[in-house]
Structure formats: C-alpha cells, structure tokens
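Let the hints inform the model, and build the full structure from the sequences given.
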Amino acid sequence: MATVTATAPDTRTFAGTAWSWITTVDHKRIAVLYLVTSLAFFMLGGLEALLMRLQLATPEADVVSAERFTELFTMHGTTMVFLALMPLSAAFFNLLVPLMIGARDVAFPRLNALSYWIYLFGGIFMNISFVAGGAPNAGWFGYAPLTDTAFEATHAIDFWAFGLQILGVSSILASINFIVTIINMRAPGMTLNRMPMFVWMSMITAFLIIFAFPAITIGLVLLIFDRYIETSFFIPEGGGDPVLWQHLFWVFGHPEVYILILPAMGIVSEILPTYSRKPLFGYAVVAYSGAAIALVGFGVWTHHMFTVGLGPIADTAFAISTMAIAVPTGVKIFNWIATLYGGSISFKSPMLFAVGMVSMFIIGGLSGVMLGSPPIDAQVQDTYFVVAHLHYVLFGGTVFGLFGGIYHWFPKFTGRFMHDGWGKVHWLLMLIGFNLTFLPQHMLGIDGMPRRVHTYAADMGFDLWNMMSTVGSLMIGFSFLIFIINALRSIRHGEPSGSDPWDGGTLEWTIPSPPPVYNFAHIPIVDSRYPAWDIKRGGGHTGAVATAPEADAEADEPDIHMPNPSYWPIVMAAGMVLAACGLIFHQAFILLGAVLFAISLIGWIEEPAG
Amino acid sequence: MHKAPRSVTRADRDECRPIQGRRSTPLTRNRRIYAALLVPALALAVAACGVTPQTTLEPTTEAARTARDLLMFVFWAMVVTFVLVEGALLYCLIRFRRRSGDGIPAQTHGNTPLEIGWTIAPAILVVVIVVLTVPAIFSNARAASPDALQVRAIGHQWWFEFQYPEIGVVTANELHLPVGRDVEIQLESNDVLHSFWVPSLRGKLDMVPGRDNKFTIKPEVTGTFPGQCAEFCGTAHALMKFYVVVETQAEFTAWAETQRAERVPPASDLARQGEETLTLGGCVACHTIRGTDSAGILGPDLTHIGGRQHIAAGLLENTPENMRAWLSDPQGVKPGNTMVIPELTTEQLDALVAYMQGLK
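Just so you know, the sequences run in chain order A and B.
Take 631 as the starting number for the first sequence in the working numbering and just add one per residue.
Take 19 as the starting number for the second sequence in the working numbering and just add one per residue.
These are computed hints drawn from the structure, not numbers from a lab.
Every residue gets a Cβ at the ideal spot worked out from N, C-alpha and C, and that includes glycine.
Any given hint might turn out to be false.
Covered stretches of chain A, going by a simulated chain B footprint (3 or more residues, C-beta under 8 Å) [stated by the list, open to error]:
| id | segment |
| --- | --- |
| 1 | 950–957 |
| 2 | 981–990 |
| 3 | 1045–1054 |
| 4 | 1190–1198 |
Pasting the structure below:
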C-alpha cells in the first residue's frame, strides 16, 4: 500500500513534474488538466467562430472559401459542445464533487484519468483532420445523407464519427464515475436532501449522459457501417431513411443541451446564495426541476425536426412537450431571483457572471418558447434566429455560468484571487460583445437569412446586422484575452485568498486552498445544506462539521492512504485512439492500438490500486 | 390575434409612406397619439420592407400570415415576460445590494404557496400559446382543393427543378404560379436534404430523399418572391436560391404555353454557332434543350433559359454579362458546383451567350 509521500514523483525536475501530471489520478489535478485543455479548445472554437464572423461581416466577402466555411461551422459546433463546454463542466465535476461531498477522491480515480486522456486524444484526433485531408464539414449534427461517401468521399466525416465515438466513451466513463462517487461517497450525514445544488446538477447531468449517449453511439455505428461496408441505414436508394439519423441524433442531441446547461445552473445555484448570504430559495424545487428538465428533455427531440414533415399530430405532441419544459426552467429562474430577494448582495466578478447567466439565459429560454411553436418554427428554423437562440442558451447560459465558476473557485484551485477589477472588465466586455453579436441575429433570422451560409447577397438587407454581429464577436474575443492574461498572472501574482475568501457555505471552503492531496484530514459529519456557514455563524447548527469517529482513527495515522499514480490510463487511451486512426490512415494502427489496449488492461488489473 | 384575412397587394408598401398632409385635418387627442405611434412604426416598416426582400414579416398568403401573427403574439408575450422577470431580477440586485454594516440577512429557505404560484404562471402562459398554436399547425397542414395545380419541386445540389406534370412544363429555379388558386407542391430531393422556403408564401418544409412531403400554397398577391434552400446541403448551400413568380391566370397560361414549346431556333449566325458549340460540346450530357439533340437530365433544363429572370440558381440576374461570367468560371461563381466547361474561346463564349439569351 502506497502513501502520498512515498509515491509522489520528484517534482523538482521538469521531467518529474511532467510525469507526475501524466500519471496523476488526483481528481484536483485532473480537474486542472480538464480546465486547461477545455479552455484551449474553447479558444480554438472561438477562433473558428471569429473567422466565420469575418467572412460574414460584409456581403459577398472572400475571407475564407465556401469549402473552408463548411469546415469552420462544423468544427466550431463540434468543438464547443464536445471539446470545450462539456469538458469544462467536467473540470468542475472533478474539482468540486469530491470536495463538496466530503470525499477524498472520486470512486474510480484511474478511470477518471482514463476519461481525461481519452478526451484529450479524441480532441486532437478530430482536429488532425484539418491537416490530414479536410476537416468534418457536414454540420455539427451531420445530417444524412450528406455524410455518405457519395457526397463526402474523403475521411472528413470519418474523423468526426470516430472522434465523437471516442469522446462518447470518455463522457460515459466519467458519468459512471461521478454517479458512483455521489451516491456512495458522501460524508456521513450528507443526505441527498443536503447535497449542494451543484452536486445535484452534476448527478443529473451524469445520468443524462449515460442515457443520451447510447443513441448517438448507435447512430454513429450505423453511419460508419454506411460509409465503410456500404450498408444503407440512412440511404434511401438502399431502403434506408435519412430521417432515422435525425431521430437518433436528436434523441441524444436535445438531452445534450441540458447536459451543457445543467452544470452551469448548478454553479449559479452555488454562487447566488454565497454572494447574497442566503440559502438557495426553494432547494427541493430547484433540484426536482432539474430532474424534471432532464426527464422531459428526452421527450422533446422532434422539435428540432418540425420542418421534416412528420405531420401535424407529431408536431402538436412535441410542441406540447416542448412548451411543458419551459415550466421547470422558469421555476428555476424564479427561485434564483427569490434567492436574491432580501439578501445582502455583493458584486464580485463571480456574482456578475452568475447574474449575467441568469439574465441571458432568460432570453434564450423565451426565444425557445417561440421556436417551440411549429408554425413559427417553420419560418425561422435553420435561420440565424436559431443560431441566436442556441447561443443565448449555451453562451449566455453555459459560458457565463462556467466563467462565473472559474472566478469563484479559482482561489480554491490556486490559493489566489483572480484580479476582481479585470474580472469585471472581462464581464462587461463579454456581456456587451455577446449581446451585440447575437441580438441582431434574431433579426437576421426573421428577415430570412438561413444559417450555415458562407455568404449573402448585398441586396438582402443583412449587411448592418451582420456587421454589428462581427464587431460584437471581436469584443468577445478581446474579453477572453483579458481573462487569459488575468488568469495566468493571478496563478503566481494574485492576491492570496486564504481558504474561504467568499464566506462560502459548502464543505470545500472548510479546507485549505489549494486543498491537500487527501482533501479532508478528517472526514466531516454533515447535518445541514450549508455546513460551512453553520460553523462560522454558530446558531442552530453548531458543530455541523464534526469528525466521524472512524475517520478520526484514520487521521491519527501519519499517512492518509491515497491511490497510486498510474500510467495505464494514458496508455489505454492512446490504444483506443490509435485503433481509430487505423480505420483512417493505415490498418496497422488498429493492431498497434489493440495491443496497447490489451497490455494496458492487464497492467491496470495487475496494478495495486493503493 | 388572428386578424381577418385582408386582401394584400404588393402595393401595400404604399402604406409605408409617411402620412403627410393629414396634419390639416383636426385630430382628436387620441388620434394624435395614434398617429404619433403609427408614423415611426410605419417608418420602421419602410426600412424593413424596403431592404429585406426575404423577410418573414411580410406574408402574402393565409399560411404565412398565420405564422406571422403567431410569431408577433408570442414575441410580445415573451417581451412582457422578459420585462417582468428581468425587472424583478434588477429590482432585487439594486434593492438588496450589500451596504456597509449589513449583517447576515434573514435565512429564508422557501415559500410553498409562492413556488406553486410561479409554477402555475408559466404553465398558464404556455397553455395559451399551445392553444393558439395547435389550430395553426392543422390549418397550415390543410390538404389542397381537388382542382389544385400540381407541382413537383425537386432539390438538387445546388439548384431547384420544378415540374408541372399536368401541363407538361419542366423548368428550374423560377417557379411560376397563378394567383388565387391552390397549388399542391410535392417536395422531393435528388441527392441530400434541401428545404423549400419562400418566407412570404409560407414556412419551410424539407426536401428529403425517399420521402414525399407536400404542402399547399394559395398565392394571393402577384409579384416575384425570393426563396432559398434552408437546410445545409453542401458547399454551395448559400447560393441555392430561387424565385417564385406569382402572376394572373392569363399570364400563367401564356407562360406555360411558351415553356411547353420547343426552343426558339437561333435567330442569328452567332446564335446558330452557339447552338452548335453547345450541342457538340459536353453540355448535352447534362442539359436538355428541347428541339435539339441536347437531352441530358443532370443539370437544369435550358430550353427557355433566356426567358428566366435569373441564372445560376437565383444567384445572378440574367444579363449577357452575367451569363458570360458564369460560363467563364462556374466554380468561381458558385464553389463546389459540378458543371464542367471546356476551355472556351472568346468567340465561342460570345456565341453561347447570344444563343442562350435568345432561348426565351
């Protein structure tokens, strides 16, 4: 059995430091890996967006070619959804879930590392396509039959299909890990009813991933069959149906929207109470409405398909279910506002981002109700109105929420504050830039500009709105630079924050920043939803964080047993991705990948877990 | 919200003229306010309708009006909701901002009646929207009358083919329809997904290979209305446009008569030379020109190309210069398109342009 001190690699050398990161199974370090990687991909997806905006700034522009434009919007969507926002949420799951539930790590630390490495290699794999014969170019939802070999003979679509399969494995493994962690590893006394709201939303998100990803997995398998062994699941000439792809994609794709927004909702549900010094209003209702959104979210997918021609009965049924989902969403917003009511609100940068999330998400939700009505949708579907709507949800909602989370928990990661003034500048520029970018796109859609067009004619009346939109997008890009510089500077030179800079209520604020490898020297006993507040404020819940007797005994020992570092996760992930390369570059990679996978599997099993 | 169908003409834009000269009429206070609101609104409408030909806000059919009315109703309902909710948010942020000397505020955890209330409120709103939506869904899906004009619209990468099986007309990228009569349009695709969308006529419906989608349009106003493919269909998706020309029954009949006829024989030596270039070159492999040996089916029927208002799937106005530009560099004008044109001499180009311009 290894201990923390005995197995830690020598971090005084660069090689030792690198090796310690490669072999780490510590959820906090994996969180950092997720955070840095997802921000890098976020920047890449943002650059793709900026190129598109430059092309569309003026009519009939020639900044990028039509072919390149199709790659840009496909990879922008794919990157932002699968490589930036989901993994950014995963960074928060990793950092916060064990800390918030009073655990020392996740249930399966090596599996956690495996999820990360698969994600990293999968993301690189997909982006290699840009220099290996052409990037995916059929849109992020890759509608059949445009994805068939008859219309895309190069490997562009294969990179996309295998890439998504690989990333799906990563997401499903991570979800299983977090569900098991949340259900089994909560500190004594932390009933489901006392779990922090972020943990609730993480658990719901993990369940959503587990139930939603199989649909796209099956769709992608069928697509790969269609492309590689000439089946015709989606090809009408062979008796297939392109609409089948749409069903499979959106049965996954709509829950995916909630996979992207629920973690941000969880973050906001932590930030608002902290900076208002009041518990979350209607805790149970906020939790249940999250679950309700997740459940109903599986029953609304054909609202993405109102223009396919499924008939008035189907359109009516899905219009009703879509409208229904507005109710739990609205309830969440009202509860957040009620949390602020009567509070003592401090406007630090995390709070500004959280408030920005709430107010921008409202707009996305309201335009969603408009789209939920099929006769309206028939006009604005596949136009810039939809682009505006989805960005109000995923940028106004998710990105604002997640950035709020970064500012809020940065001190916990690093022990230092991010500069609050520059944080506010970032927020203001991003808020203005975001609205300047996407508000005019509603008008563009209503005035008849389809999405996914690489150009538009000068006489269509789209010029002004597009120019505004491009100016706004440049502001967003600029604000992100401010954020990056602020973050990099603050890691070393930020003001020291201490362990509890915001007067937090949840368990992570009761331990030092950055937290020790073992998180909690003593496993706490929890008897309320905001145990840290109880300690600080005394009152009815004195002694909320006590020490469990068995944990006490453990802590008396000089070392707390932690899992060993392991290199098998990275080897196994490399094996998987190499095997996928084999189906694109040369078959020999399949063999190589399979051998690596097998070796790592055996090594993994034989390895003492610590 | 459902306004009685008014008879709309394209000349409706005249409404948009600022009302001048009425000042001399004595106005009551109410009418004065009404006018004060109306003038900027109309000015905005002028700005909107003058410059955005493809807008959804200028419906010219029952179906498009239904969608527009619903859009406006839901839009204003959402605006009211937005103002109330964001107002509440801002109120809380301002009213309860931290002041020096603030202690720990009262720790409220919830309020069941309140929470039930704000569960019911959005529920009522969406029920209202559903109640208005459902009849619109069914009225938009209504079947065509038995005497409806039948049209097959077929999507190709990246152009639209229009067939009128009953009257034996085949054309491309310019759909002619008689005013005041039901038209049943059957939507098909030859390759990938496309979508048929003419915002002023009705909402879009996808063209799905292997599926028979159809919808009914009853044009009420004569004029030319722009449309565009609205489902991503590959490289030149942005350049896959078309026009709908709504005309009187007499004009339509005359047009159909012309379209049914074989091509107009070339009228000049230059044009004759053009026909030769075209039929002896590779063009016949893909294009049909009835009355010549040209009978390909992969590209648009060119029998009456000279009579169309646009070429290259609604992309360019049909002028000799544009025709020449298109023939000189089809991939440059429309990236990704598969038209293969051999190297042409200037004389050959002149001849081709002259010939095709003559194919009225």
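Cross-check of the supplied hints:
1. With a threshold of 8 Å between beta carbons, the proposed coverage of the segment 950–957 of chain A by chain B holds, since 5 of its residues qualify and at least three are required.
2. With a threshold of 8 Å between beta carbons, the proposed coverage of the segment 981–990 of chain A by chain B holds, since 3 of its residues qualify and at least three are required.
3. Counting residues of the segment 1045–1054 of chain A whose beta carbon lies closer than 8 Å to any beta carbon of chain B gives 0, which falls short of the minimum of three for the stated coverage.
4. For the segment 1190–1198 of chain A, the stated coverage by chain B is violated: 0 residues have a C-beta nearer than 8 Å to a C-beta of that chain, whereas at least 3 were required.
The structure fails to meet hints 3 and 4 from the earlier list, while all remaining hints are met.
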